[in-house]
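**Q** In case you want the letters, here they are:
Protein chains: 2
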Amino acid sequence: MEEIKQKYIYDYPHPAVATDCVIFGFDGEQLQVLLIERGIEPFMGCWAFPGGFLRMDESADECAQRELREETGLKVEHIEQFHSFSAVGRDPRERVISIAYFALVKIAEVKGGDDARRAQWFNIEDVPQLAFDHDLILRKALVCLKEKIHFEPIGFDLLPEIFKMSELQKLYEAILEVKFDRRNFYKKMNALEILIPIEERNPNAASRNPIKYRFNKVKYYELKRKGFRLEF
Amino acid sequence: MEEIKQKYIYDYPHPAVATDCVIFGFDGEQLQVLLIERGIEPFMGCWAFPGGFLRMDESADECAQRELREETGLKVEHIEQFHSFSAVGRDPRERVISIAYFALVKIAEVKGGDDARRAQWFNIEDVPQLAFDHDLILRKALVCLKEKIHFEPIGFDLLPEIFKMSELQKLYEAILEVKFDRRNFYKKMNALEILIPIEERNPNAASRNPIKYRFNKVKYYELKRKGFRLEF
Numbered sequence: 001m002e003e004i005k006q007k008y009i010y011d012y013p014h015p016a017v018a019t020d021c022v023i024f025g026f027d028g029e030q031l032q033v034l035l036i037e038r039g040i041e042p043f044m045g046c047w048a049f050p051g052g053f054l055r056m057d058e059s060a061d062e063c064a065q066r067e068l069r070e071e072t073g074l075k076v077e078h079i080e081q082f083h084s085f086s087a088v089g090r091d092p093r094e095r096v097i098s099i100a101y102f103a104l105v106k107i108a109e110v111k112g113g114d115d116a117r118r119a120q121w122f123n124i125e126d127v128p129q130l131a132f133d134h135d136l137i138l139r140k141a142l143v144c145l146k147e148k149i150h151f152e153p154i155g156f157d158l159l160p161e162i163f164k165m166s167e168l169q170k171l172y173e174a175i176l177e178v179k180f181d182r183r184n185f186y187k188k189m190n191a192l193e194i195l196i197p198i199e200e201r202n203p204n205a206a207s208r209n210p211i212k213y214r215f216n217k218v219k220y221y222e223l224k225r226k227g228f229r230l231e232f
Numbered sequence: 233m234e235e236i237k238q239k240y241i242y243d244y245p246h247p248a249v250a251t252d253c254v255i256f257g258f259d260g261e262q263l264q265v266l267l268i269e270r271g272i273e274p275f276m277g278c279w280a281f282p283g284g285f286l287r288m289d290e291s292a293d294e295c296a297q298r299e300l301r302e303e304t305g306l307k308v309e310h311i312e313q314f315h316s317f318s319a320v321g322r323d324p325r326e327r328v329i330s331i332a333y334f335a336l337v338k339i340a341e342v343k344g345g346d347d348a349r350r351a352q353w354f355n356i357e358d359v360p361q362l363a364f365d366h367d368l369i370l371r372k373a374l375v376c377l378k379e380k381i382h383f384e385p386i387g388f389d390l391l392p393e394i395f396k397m398s399e400l401q402k403l404y405e406a407i408l409e410v411k412f413d414r415r416n417f418y419k420k421m422n423a424l425e426i427l428i429p430i431e432e433r434n435p436n437a438a439s440r441n442p443i444k445y446r447f448n449k450v451k452y453y454e455l456k457r458k459g460f461r462l463e464f
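Top to bottom, those sequences are chains E and S. For the first sequence, the residue numbers in our numbering are 1 to 232. For the second sequence, the residue numbers in our numbering are 233 to 464.
Please keep in mind that the hints were generated in silico from the structure rather than gathered at the bench. Everything numeric in this text was worked out from a predicted model, so none of it was measured. Every residue, glycine too, gets a C-beta built ideally from N, C-alpha and C. Do not take every clue at face value.
Dumping the calculated DSS-like pairs for lysine-lysine here, alpha-carbon to alpha-carbon at most 25 Å [to be verified]:
| # | chain 1 | residue 1 | chain 2 | residue 2 |
| --- | --- | --- | --- | --- |
| 1 | E | LYS187 | E | LYS170 |
| 2 | S | LYS380 | E | LYS188 |
| 3 | S | LYS419 | E | LYS179 |
| 4 | S | LYS378 | E | LYS188 |
| 5 | E | LYS148 | S | LYS239 |
| 6 | E | LYS224 | S | LYS378 |
| 7 | E | LYS5 | S | LYS239 |
| 8 | E | LYS148 | S | LYS380 |
| 9 | S | LYS372 | S | LYS396 |
| 10 | E | LYS106 | E | LYS219 |
| 11 | E | LYS224 | S | LYS372 |
| 12 | S | LYS456 | S | LYS419 |
| 13 | E | LYS106 | E | LYS140 |
| 14 | E | LYS146 | E | LYS164 |
| 15 | S | LYS338 | S | LYS307 |
| 16 | S | LYS378 | E | LYS5 |
| 17 | E | LYS140 | S | LYS402 |
| 18 | S | LYS372 | E | LYS140 |
| 19 | S | LYS456 | E | LYS146 |
Here are some, though not all, of the chain S residues that point toward chain E, as calculated from beta-carbon distances under 8 Å [what the hints assert, rightly or not]:
| # | residue |
| --- | --- |
| 20 | LYS237 |
| 21 | ASP243 |
| 22 | VAL249 |
| 23 | MET288 |
| 24 | SER291 |
| 25 | SER316 |
| 26 | LEU370 |
Quick list of simulated restraints, FRET-style, between CB atoms [claimed, not checked]:
| # | chain 1 | residue 1 | chain 2 | residue 2 | range |
| --- | --- | --- | --- | --- | --- |
| 27 | E | ARG55 | S | PHE275 | 23 to 33 Å |
| 28 | E | GLU80 | S | LEU424 | 26 to 36 Å |
| 29 | S | ILE339 | E | PRO197 | 47 to 57 Å |
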């Protein structure tokens with residue numbers, strides 16, 4: 001018996017709408033990005049961002065979170081839209097508009113979901129050529145991440161709960177693609193008053209600086225809400 | 233004879249995709265926004281942003297520029313996407329995703345196009361309740377404009393070719409919703425090196441400050457390309 005398939009009919013042509021999720025992580029040294037190996041055509045075997053088609057009963061934000069969960073097992077509280085991609089030929093199947101999102105996560109939180117066998121972190125410097133226009137999406141996401149770091153504290157989502165100043169510095173260096181003077185960076189960060197020193201320093205060490213920190217969550221989110229401008 | 237209307241058939245439901253354009257101007261005192269009075273249902277008689285449905289052979293950027301031209305006569309070289317709006321019930325006709333854009337223009341450039349009888353500038357403080365979710369779109373656009381002013385010089389698109397420092401200050405004050413000290417503002421702006429003084433000062437005036445300026449286009453676009461961070 002032939003399956004009866006419902007059809008959807010419109011008076012004028014409609015594009016399909018999808019979401020794509022650029023998920024950034026940090027391994028203590030370099031910026032990482034989460035990719036999925038495509039198991040179907042087009043671009044079968046290529047790496048791409050997690051994502052998929054919008055359902056009629058969900059917003060784009062909900063779609064991005066659902067697709068991310070289904071494809072990588074990752075549940076994010078907040079995912080941020082940064083740009084929609086609409087070049088006419090960007091998908092060989094049909095006209096597809098992609099609303100792209102990004103989120104910053106701790107790498108340890110990615111456990112893998114139903115379709116997640118093929119999810120993998122890539123060092124940002126080692127990302128292979130991606131499916132569709134996802135190379136363009138990645139470039140745009142990196143520009144947005146760089147702009148964002150000047151307005152908001154961002155380490156909280158990417159670093160482990162307790163971290164060294166050198167790790168925070170490496171994170172900022174990885175995102176901004178610059179090198180900072182250690183003491184200047186330390187001063188700038190301390191001035192924000194979002195770091196709480198943890199007393200775990202080696203009693204034999206000569207330095208009096210505390211060597212590990214955690215974020216002051218109240219101050220951190222206050223600063224994130226109000227916005228600020230960080231000058232380097 | 234009945235008109236034969238082509239139908240477009242898909243295996244799964246597709247949303248419609250539209251663009252909306254938030255066009256900001258400046259009248260020398262306050263920020264202005266360009267609105268269209270809707271001539272059809274839904275929201276007939278309500279004010280809304282210029283915009284309309286995406287054609288299959290154009291990108292969202294092209295759609296935004298075309299709709300703006302058709303509805304207001306305004307041709308903009310650059311229009312910037314800032315967010316896509318996708319709440320499920322945002323349009324009573326069908327599911328419509330709107331990709332929203334903004335541009336900054338000189339008010340004198342709006343001449344009116346084919347459908348432009350109903351285009352009108354509104355003082356930002358006097359904007360009536362808008363059609364669809366356009367109040368939300370306006371709020372988001374204003375937040376983006378405020379963030380943008382910290383990264384890019386923006387007066388060039390909004391001011392007449394020759395202007396006074398006080399006009400530039402009023403523009404920044406209107407966008408940022410703050411008041412600046414006149415001398416501090418003057419210093420900050422001079423330090424950017426994008427202003428060229430025009431020798432038109434009153435010979436009887438005591439002050440030696442030139443009273444009118446124009447932008448140094450080369451420096452202006454260099455700064456815009458490189459980006460900068462303006463601290464107030």
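**Q** State for each hint whether it applies.
**A** Hints versus structure:
no.: 1; hint: E:LYS187 <-> E:LYS170; verdict: holds (15 Å)
no.: 2; hint: S:LYS380 <-> E:LYS188; verdict: holds (23 Å)
no.: 3; hint: S:LYS419 <-> E:LYS179; verdict: violated (30 Å)
no.: 4; hint: S:LYS378 <-> E:LYS188; verdict: holds (24 Å)
no.: 5; hint: E:LYS148 <-> S:LYS239; verdict: violated (44 Å)
no.: 6; hint: E:LYS224 <-> S:LYS378; verdict: holds (16 Å)
no.: 7; hint: E:LYS5 <-> S:LYS239; verdict: holds (17 Å)
no.: 8; hint: E:LYS148 <-> S:LYS380; verdict: holds (12 Å)
no.: 9; hint: S:LYS372 <-> S:LYS396; verdict: violated (30 Å)
no.: 10; hint: E:LYS106 <-> E:LYS219; verdict: holds (20 Å)
no.: 11; hint: E:LYS224 <-> S:LYS372; verdict: holds (17 Å)
no.: 12; hint: S:LYS456 <-> S:LYS419; verdict: holds (19 Å)
no.: 13; hint: E:LYS106 <-> E:LYS140; verdict: holds (21 Å)
no.: 14; hint: E:LYS146 <-> E:LYS164; verdict: holds (22 Å)
no.: 15; hint: S:LYS338 <-> S:LYS307; verdict: holds (11 Å)
no.: 16; hint: S:LYS378 <-> E:LYS5; verdict: violated (49 Å)
no.: 17; hint: E:LYS140 <-> S:LYS402; verdict: violated (33 Å)
no.: 18; hint: S:LYS372 <-> E:LYS140; verdict: holds (20 Å)
no.: 19; hint: S:LYS456 <-> E:LYS146; verdict: holds (16 Å)
no.: 20; hint: LYS237; verdict: holds (6 Å)
no.: 21; hint: ASP243; verdict: holds (6 Å)
no.: 22; hint: VAL249; verdict: holds (5 Å)
no.: 23; hint: MET288; verdict: holds (5 Å)
no.: 24; hint: SER291; verdict: holds (5 Å)
no.: 25; hint: SER316; verdict: holds (5 Å)
no.: 26; hint: LEU370; verdict: violated (17 Å)
no.: 27; hint: E:ARG55 <-> S:PHE275: 23 to 33 Å; verdict: holds (26 Å)
no.: 28; hint: E:GLU80 <-> S:LEU424: 26 to 36 Å; verdict: holds (30 Å)
no.: 29; hint: S:ILE339 <-> E:PRO197: 47 to 57 Å; verdict: holds (54 Å)
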